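As a plain string of letters, each chain reads:
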Amino acid sequence: MTGPEMATDGYWERLPLLARDGASGLFPTPWREAVSGLISIAAILAVFGLVFAFLTLAERKILGRTQNRPGPNRTGPGGLLQPFADAIKMLTKEDIIPRTADRVLHFLAPVVLVAFSLIAFAVIPFGRRLLPVDLDSGVLYFFAAGAGTELAVFMAGWGSRNKYSLLGAMRALAQLISYELPLLLAFVPVIMASGTLSTRGIVAAQGGWTDGLIPRWHVFTPWGFAGFILFMVAALAESNRSPFDLPEAESELIAGHLTEYSGFKYALFFMAEYFGMCALSGMAVTLFLGGWQAPCAFLEVVPSYVWFALKLLGLLLGFIWIRATLPRLRIDQLTRLAWKFLVPLALINLGSAGWAGPLQPLRWAVALALVALPFLLIGRKLTAGIGPRIYRYAAP
Amino acid sequence: MLGTGLLHGLKVTAKNLVGSFHDPARYVTTEYPEVKAPQPENARSFPFLVSESAADPMGTMRCVACQICEKECPPQCIYIEKSKDKKPGPDGRMQLYPAVFDIDISVCMSCQICVEVCPFDAIRMDQIFEIATTERFSALLFDREKLAKPNAYYHQLHPTEAAEVDARRQAAEAKTRAKAAKPASVQPPTAPGAKAQNPPGNAP
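Sequences listed follow chains A and B, in order. Residue numbers for the first sequence follow my numbering, beginning at 48 and rising by one. Residue numbers for the second sequence follow my numbering, beginning at 238 and rising by one.
Just chain A, with the same shape it has in the complex (with noise of 0.2 Å):
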């Protein structure tokens, strides 16, 4: 990624690729391309584990502040040395096994998740200059890469040998293969719109400003929000987030797939939990949000990895928000959700894109009535006898 396209570019804006070469340039030649894959590798796993590090701290602050209580404030300053506090508990813990579990099984299931959690990162576009792997089909290899952790759930809990284990891991599997529909009908007007299925083309895509000022993320057309809105509930559970966390229901199914794991491989399916909310966010960022473009142009001069970086926690902050307020659904009321609700109007969100015409109110208002007035007539059928609930006892 030389040449002069770079020279373009601010310091700030080079300084990692600069810092990967000069490490890599100390290798021999040959060596060299594997060294800087490495330490692309290394740099993911770095950043990423720290944002896990100190995501599940934010979320248990802004858990406790939504509920009015302060968080863990104890160990270190704040309370900001908790999570190696936690990562030491976990890995000083005992590591059982039952003695009916399929071995390689238990042992595999973390291990995989992890792997297929973090695999899903190479295709995301960092910033200007930070695409680990090209692919031309990126967006595709992103998704069958996340397909491959239903695999790793099942495999806790089927080979956990354990009731509740493989309860939640046949939860799991109805939730994630049912979710997966929306998640891919949801972006399928981004493929259409951009017209092609490489991450770095679709940010190119969102590059620029209607008039001068509003960005031309597809967050901002109509299909795109709409279908911003669907992928994100779809990603919720898709990472297996409240409110729709079934798998690990631990009021009705103790933890689910995680039973009969404890120590480090118990932290390992929680990394992988926090690894997929972030892939999938960053999925998110790159498909609607303009990825590592700038909302204003004056402010291009800050470099365009920061400004992926602030949307990612906006979204990931959004996940934490959502958990802090709603409750979890059943497991019918989840299926229902996807069939019979997003998937319909995720089809009919596909009608609405591909409109390129002048018309810019006309386009909003007919994608208004593409998309919200299915929205109000299928969630009517659907909640019809359910609700509204009336209380008779409790205060409104």
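Not one of these hints is a red herring.
Below, computed lysine-lysine pairings styled on BS3-like, alpha-carbon distance capped at 30 Å: (1) B:Lys324 - B:Lys383; (2) B:Lys412 - B:Lys321; (3) B:Lys273 - A:Lys136; (4) B:Lys248 - A:Lys428; (5) B:Lys324 - B:Lys412; (6) B:Lys319 - B:Lys412; (7) B:Lys323 - B:Lys386; (8) B:Lys324 - B:Lys308; (9) A:Lys387 - B:Lys248.
Simulated restraints, written as ranges between beta carbons of each label pair: (10) A:Glu141 - B:Ala292: 53 to 59 Å; (11) B:Tyr269 - A:Asp258: 54 to 60 Å; (12) A:Phe131 - B:Ser282: 33 to 39 Å; (13) B:Thr267 - A:Leu424: 46 to 52 Å; (14) A:Ala134 - B:Ala291: 47 to 53 Å.
Hints in this document: simulated from the structure, not taken from any laboratory. In this text, all values refer to a predicted model and were calculated from it rather than measured experimentally. From the three backbone atoms N, C-alpha and C, an ideal C-beta is built for every residue, glycine too.
With the hints as your guide, set chain B onto chain A.
Frame of chain A; chain B shown alone:
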């Protein structure tokens, strides 16, 4: 409309998130070891022995070693040995005192029956709860030195109850002193025959 409930819920949590930063009154918790939540007046944990003065707890203990609490205690965690000699009580009369008064805190179930049965208001319920220890036998067997606490402490824990007890005791004390001061030949104001009659409730 469908979905407005979700938005309303998100608004509530966002308000809490922002509000808890600038309004400490929203907090529902306290930072425990540094700040202790005030206990309600009727909170109780384990019994303690009431003594009149903090300066001489052993000398002014109300307990007369009658052993009623020892007999009534359901888990039998109280052990009392009577004294051989007598000492003057608060009303001036000579009384026994407990030479040994042990309560096994690890056995006590905080039922308060000892408090209910004590005719001398000598045993009351404490509110201590930080009694964790590394020595599980001797450190959890509270002797009379450890159990004796002044009346002022009792007032601090249960102000209403302690005020009632004090009023009753003072009245009874005044009565005893008056009785002791008057000559024995003077008749009480009510006729002795009236006491022998049935109480009015039993009359047909």
